[in-house]
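Visitor: Residues per chain are reported as follows:
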Amino acid sequence: MDYLQKKLRPLINNSKIPAFQAVAFIKNDFNPGDFETAIESKSLYKKIKLQNSSFKSIEDVVQREPFIFTNDIKKELFWLLYNIKQESKKIDGFLLLKKKFEDSFLLSNYEEAYTILQTIRNEFGENLWTIEMSLLLKEFQYNTKENWSELSNLLSKLNSPFYQFFVNFFSKRIEENMSFDNCISQFQSDFDGVICDKMIKDFLVFKSLYNAANFDYAYKNFEGVLYLANMFSTIDQYLIAIDVAIKLISYESKNDPIILQFVSKILPLISNDDKLFNIVNLIDKKKEVIVLENTVPILLILDEYSIGNFENCIKLCVDALKIKPSVFELYEIYCKSLINLNLDFENLNFSPLIDKILFSVYNSLLYNNESETYCYKLLKYSLALLSFDFGKKLSAFVTSLGKDVLMNHHSLIGCLSSTINNPRLLNLNLDSREENFIKKNECFMVSESFKINLFINGDNSQSNLIFSQNQLQSDVYKTRSLFYQSKFEEVIKIVEFYVGKSASPFYYDNILHLLFQSYIYTNRLKEAIILTATIISDKVFFTNKFNIEVLINKIQTKGHEVFANLIELPILFSLIKKDYDLYEIYIDYMLTYEEEYPSKLNIEDIVKIYSIEKVVYFLKEVCTVSTIRYSLEFKSIDEAEQERYEICMLLKKIDSSNNLIYEREISDLLRTGAVRKALKEFNAGRLYVNVESLKNLQSKNVKENFLRYKEIEMITKDKNLIGFNPSKVEQWVNYTDSQNNSQFDNPSFLAFKAIYLETREKFLFSKEYGLDSCLSTNFRHGAVKNHLRSVFEKLNLVTVKEDEEYIDNYYWSERKVADYNSNYKIQERLKKFSQEIDEYTDYIRDNLIQIQTERFTDNKEGLFRYFTNDTLLLDFFQEHKTRFVSGDSIMEIIYSGLIQTTIFEIFQNIYEKFTISINNTFQKYVEDLQSDLRLLGVSNQSELLPNIIKSSTDIQSELEIIAESFFLNTTSSFSLLDIETIINASVEYTNKINPNNCISPEICIQFSLPAYSSLIFVFNNFFNNIIEHSKLSSEDLKVKIEVFNPKGNYLEVKVSNNISPLVNISETQKKLKIVKENWNNHENIERSNTEGGSGFDKIKRILLYEVIAKTDKFEYSVNAEEVQISLFLPFKPFTIKIENIISASMATYYTKVSSVEYIEPIITINYPSFVVSSSLVVVFNLMIENIIKHSGLQIEHLKIKFEVFEPKNEVIEIKITNNISEQVDIQIIESNLKSIKDNWKNYVDLGDSNTKYVSGFDLIKHTLYYDMVSKTEEFEFFVSRKEVSISLFLPLNQPENEKNINN
Amino acid sequence: MRKILIIEDDKIKIEKLSAFFKEYDYTIVESYHSGLKEIVSSITQYDFLILDMTIPLWDKGNTDLGGNYEQFGGERILREMKRRKKELPTILVTMFDIFSILGGNLTFDELNSYLKNQFATFYVGAVFYNASEDTWKTQLENFIQLIPNRND
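So the protein lines, in turn, are chains A and B. Counting from 679, one number per residue, gives the positions in the first sequence under my numbering. Counting from 225, one number per residue, gives the positions in the second sequence under my numbering.
These are calculated hints, taken from the structure and not from any lab test. Note that CB positions come from ideal geometry on N, CA and C, so glycine has one too. Treat each hint with caution, since some may be false.
Claimed, not checked - Pulled from the structure, derived: some chain B residues nowhere near chain A, Cβ distances all over 10 Å:
{"id": "1", "residue": "M225"}
{"id": "2", "residue": "R226"}
{"id": "3", "residue": "K246"}
{"id": "4", "residue": "I252"}
{"id": "5", "residue": "N341"}
{"id": "6", "residue": "Q342"}
{"id": "7", "residue": "F346"}
{"id": "8", "residue": "V348"}
{"id": "9", "residue": "I368"}
{"id": "10", "residue": "L370"}
{"id": "11", "residue": "N375"}
Said to hold, decoys possible - Here are the computed distance ranges between Cβ atoms for each label pair:
{"id": "12", "chain 1": "A", "residue 1": "C874", "chain 2": "B", "residue 2": "N341", "range": "40 to 48 Å"}
{"id": "13", "chain 1": "B", "residue 1": "Q342", "chain 2": "A", "residue 2": "E1638", "range": "27 to 35 Å"}
{"id": "14", "chain 1": "B", "residue 1": "E247", "chain 2": "A", "residue 2": "K1286", "range": "56 to 64 Å"}
{"id": "15", "chain 1": "A", "residue 1": "Q1619", "chain 2": "B", "residue 2": "N341", "range": "18 to 26 Å"}
{"id": "16", "chain 1": "A", "residue 1": "D894", "chain 2": "B", "residue 2": "T345", "range": "34 to 42 Å"}
{"id": "17", "chain 1": "B", "residue 1": "T345", "chain 2": "A", "residue 2": "S1711", "range": "48 to 56 Å"}
{"id": "18", "chain 1": "A", "residue 1": "R1342", "chain 2": "B", "residue 2": "Q342", "range": "35 to 43 Å"}
{"id": "19", "chain 1": "A", "residue 1": "K1217", "chain 2": "B", "residue 2": "N341", "range": "39 to 47 Å"}
{"id": "20", "chain 1": "A", "residue 1": "Q1619", "chain 2": "B", "residue 2": "Q342", "range": "17 to 25 Å"}
{"id": "21", "chain 1": "B", "residue 1": "N341", "chain 2": "A", "residue 2": "K1716", "range": "46 to 54 Å"}
{"id": "22", "chain 1": "A", "residue 1": "I1485", "chain 2": "B", "residue 2": "Q342", "range": "39 to 47 Å"}
{"id": "23", "chain 1": "B", "residue 1": "Q342", "chain 2": "A", "residue 2": "K1217", "range": "32 to 40 Å"}
Claimed, not checked - Simulated crosslink set (PhoX-like; lysine-lysine; CA at most 25 Å straight-line):
{"id": "24", "chain 1": "B", "residue 1": "K306", "chain 2": "A", "residue 2": "K1236"}
{"id": "25", "chain 1": "A", "residue 1": "K1358", "chain 2": "A", "residue 2": "K1591"}
{"id": "26", "chain 1": "B", "residue 1": "K310", "chain 2": "A", "residue 2": "K1256"}
{"id": "27", "chain 1": "B", "residue 1": "K240", "chain 2": "A", "residue 2": "K1591"}
{"id": "28", "chain 1": "A", "residue 1": "K1670", "chain 2": "B", "residue 2": "K235"}
{"id": "29", "chain 1": "A", "residue 1": "K725", "chain 2": "A", "residue 2": "K694"}
{"id": "30", "chain 1": "A", "residue 1": "K1278", "chain 2": "A", "residue 2": "K1256"}
{"id": "31", "chain 1": "B", "residue 1": "K306", "chain 2": "A", "residue 2": "K1255"}
{"id": "32", "chain 1": "A", "residue 1": "K1256", "chain 2": "B", "residue 2": "K284"}
{"id": "33", "chain 1": "A", "residue 1": "K1256", "chain 2": "B", "residue 2": "K309"}
{"id": "34", "chain 1": "A", "residue 1": "K1236", "chain 2": "B", "residue 2": "K310"}
{"id": "35", "chain 1": "A", "residue 1": "K1602", "chain 2": "B", "residue 2": "K361"}
{"id": "36", "chain 1": "A", "residue 1": "K1791", "chain 2": "A", "residue 2": "K1748"}
{"id": "37", "chain 1": "B", "residue 1": "K340", "chain 2": "A", "residue 2": "K1255"}
{"id": "38", "chain 1": "B", "residue 1": "K235", "chain 2": "B", "residue 2": "K284"}
{"id": "39", "chain 1": "B", "residue 1": "K309", "chain 2": "A", "residue 2": "K1232"}
{"id": "40", "chain 1": "A", "residue 1": "K1373", "chain 2": "A", "residue 2": "K1559"}
Whole structure, please, built from the sequences with the hints as guidance.
Guide: Shown next, in the form of structure tokens:
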């Protein structure tokens, strides 16, 4: 004492030391045991220390002074102790009411809980706990809206950032409909946004997610948590201090003496906190065990369970839960007893909340495919109730169902938060406390559950131990005990018996876990592999307790080749390995069959060795495209996907219960393949000059000029005859000077020259079909710039301009690639790079992708150079004049020359320009950026440098792709693709060139029709407009595309998107009004050649001249939330020849099937004048799909024959015949077709076009009946061993058909 | 004349390597599949392999829309050689001195020592290729001298 007085005196007597500082000095410099005396040495110190220890109302809540941080666990604990002791009565009173509140809440007596909460507030003031509970009650008693409203009210009153953070998160964690994962990610997002030191971060996690399962967090220490607790009310301080004490105990025993000192001081003062007693019982070696109030009655129930009296348990639990709803052990025992007796779950009906929790506990213990869902529900309940001891136990329970490495830690928290002396503590790892704890609990050794837990812990000395009457339960206890004693061989001997047998799922889970672990410990890797794969492929039983990483490490150490012949090995590896890592394992197994095509394996034989479940799992989860693509057998992604398609077809056969899953995957594969194929074709056909249309445009003029030419020729009679040599075309260009030659004045030459120049003018500058229009819409308008920019955008190397300034590159500024000063310079350098890339791509677009002729010299650097002069023209003229026999022939020869020049010479130059000189410029920009950033000290740990290096190769590839797309196409035979493929391809294409603004539209197709691939550009223009003008990020942007059923001669395609409130609606309306008004004005179509013009001018041009599908209709609507634009494509019912429809159907279907060569069907038309609606494509597509699905043949072996017969009785028969595999069961086909025929006249179930049809024939019926009004009542089929024929009958006297025939 | 297989897709690097190996008999392939196929079918014809690390899975035109780039395609070639017991002396020539991986970056030296450890019997070493400098040529030359002729 003298020492203390000595230390205190200078402090008390020195009036210059402010009291505040003196209190901080006490905390920092005094022994924790002296805090109380020191603080009480001066009333001012005490006042300061206890200041604001409770708050009367929310408005009064302030952050208290935490004084100095000592970084000493004992000091921090004892600093809190002073306040706790001073206000212990208050705390104890609070704890009593807290318990009552929690019971009322769990019993769903929210009114009563509210009254208790009000009492707590009135008596003890506001604190974090009361604030959270007020939100909780609002959520559960009312709804989330009330929770949010309360949150808003609280946030308006609370100024402290701590309170605001917690209140905000509490509100989220109790939201009933927010999933656990979402809640955690919301926390993570809020948490990441907080800029503060680690101590505060630790505190935020501690108070928000105390022992939440599935959330890993490494605390620096808990001293900081205790220190920051000072900022809150004394009640909060107490709750935090006890939670910290339990956390520390659960991790290790080294802090036990300090915690014990702390707890011993408050134990005499606090009687309403079972956790205090649990702590003392565990860590106090001297004190006798304290028996908790609930222990005796609850132990009786646990004992009943231990000996297998499950019926009795159920009854006892139900009764006990009504009065002790906070005892979580009852929930577990009740549900396990039901399951042991194989009873279904039934609500207890006295508390909806308890029923919900029980239902989830019950289902989580069933260990089936649904269990994980219920575990997550429990996790969410545990999070919502984390401030209840019940919530902490619930969290510990869910952890025990998995394989958390911190399970012991969670279980300890659970047991210490228990309201009983928990026997389960005996089978946990208690560290150095174990021996003493067992000794202390000897008084409980009359309890069967205590004895069993001790037995499980490896203590065989128990006398009078009654094992359960349930053999499995008893064996589980025995094997757990043996396992604890490392008697793995004995464990294996007992539990192997149960594998594959029907058993209570949670005991089965226990047994399998013990068996797995025993295999691991005894190095029986093969058995462990087989066991794991058996469980993984089991569709009924589900567990996630196996520590697969350990097994895989052991296998890899030994060498996986040893187990190569086991199908179980790839199954096991598929759980945590993918791509090549899985392929290595997979291929070793496949090679034991000398086969690299899984679809060709002899499945029956393999099923005999293993099981159907394993084979299905192997095919489904291992043999995916991402695995098999490494096999040298697959020469392209198409071939790998084709094999996956075959695998899915096989899976449909052997796992028919999951047909829907496989059909969905098949549909995805077909879609992906079709989109890829469409984009490849689209890219290849990007530079397109419609020569046929140009010839038609010119025809009249040329005919006239040709006659004139012929007339002149007759007069001049020039007879130098030389054959046309296309290989000489290179002589055409690059001559800039005319030679003085009298023949240039030859009138027939001049007549030819006039035709030539007109033809070249049309070829290059026709506003409808010319090269420049195509370069404008398909290259200069965004495409090339976006393609080049996308390379750098997707690697986050370029930013955009705002107000003439490049914005900061947030991607890298958030990642801190260097120190603060360098970061600024790095940002500046990246901006410079953005500018370089943009300026250079603008230069390519504006200067290089341009046309030059000797007459049109504005674009001096244009790469499309079509220079000529009299010398060249005269040579050409003299070479070919004998072949100028008609206007058509002269045009043909000139166009051929122009095309060949474009293809052979200009294309070659452009290709070299892009892949060499343009590439070199980009490489220089990239290299300079790289070396500058290295000099600026960019960290080796950031991804910035690898991304820059990668851009160097990526830009090369992109330039090559762009260069190749300049290959000229002149035929109008674009692929016909179905509209859905076109839309999907447009989305894919748009996303490729806008990697940071991807869209994922909702696509609704009511009516499928074939269209030209150029339509991809139309949608791309639409999407680009939306991305640019919606002012929304890709996460918020919602785009919908609807293709409606045709009405009259129109087929409406509507594109809708939401818009940001920042969009100027009246401006948008004005623009769209102008578009609509000008929609049918084609005079200024050349505006589409003006870069920067409206995207709608381009759309108009493409629809008019490339897709050949523009109509006079255009509609739009704009409101504050949404913009809708409708295009109307032409729909001409009953105008297409039947043979064309058949070809189009086959072609559109085959575009969906990647990597398969198109097989021409045999088409026999006996009535050629029959014209039909384009909707028949849908019908034939469905027929072809059915054939492929049911023929049992690979597509390449299919033979399809279409026959159209002469009409009989005003009806035309269309017969479709296909061959079938010998493996196909023709009886099934016959019976299916019979049923279709029997139902052919039944219209009842047809419904509208949105109905999901069960069979393809329903949709065929629908299309014939509604879309085409062409359905008759006849349907025929014929099935033989070799082929199947189906006959559809269409009415000849369709009103439209007759009219069209006549026309 | 020594025969070399080069697996490389970067056009500029190909140009530089072609110039470097102009005195040699060399074959260039550009993807994992074409490279591995060549090794499997014709390994005995080659003295050594010049390997890039980041390569496409298939040759151009056979890939997916995104190009199917394999960040560690070169390492997969090495693993396939080991698995198939077709071990061709290999020199890695990469323009990356840092590789992004989950949870951080892998440096050139770290990658090199990993490869040395995993493929000790046929992995010769790694050369950091920098287009603007010529030091890579000396390093490459040094490694080549370590490789015996296939007929020796």
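Visitor: Starting from the hint list further up, note which numbers the structure goes against and sort them upward.
Guide: none
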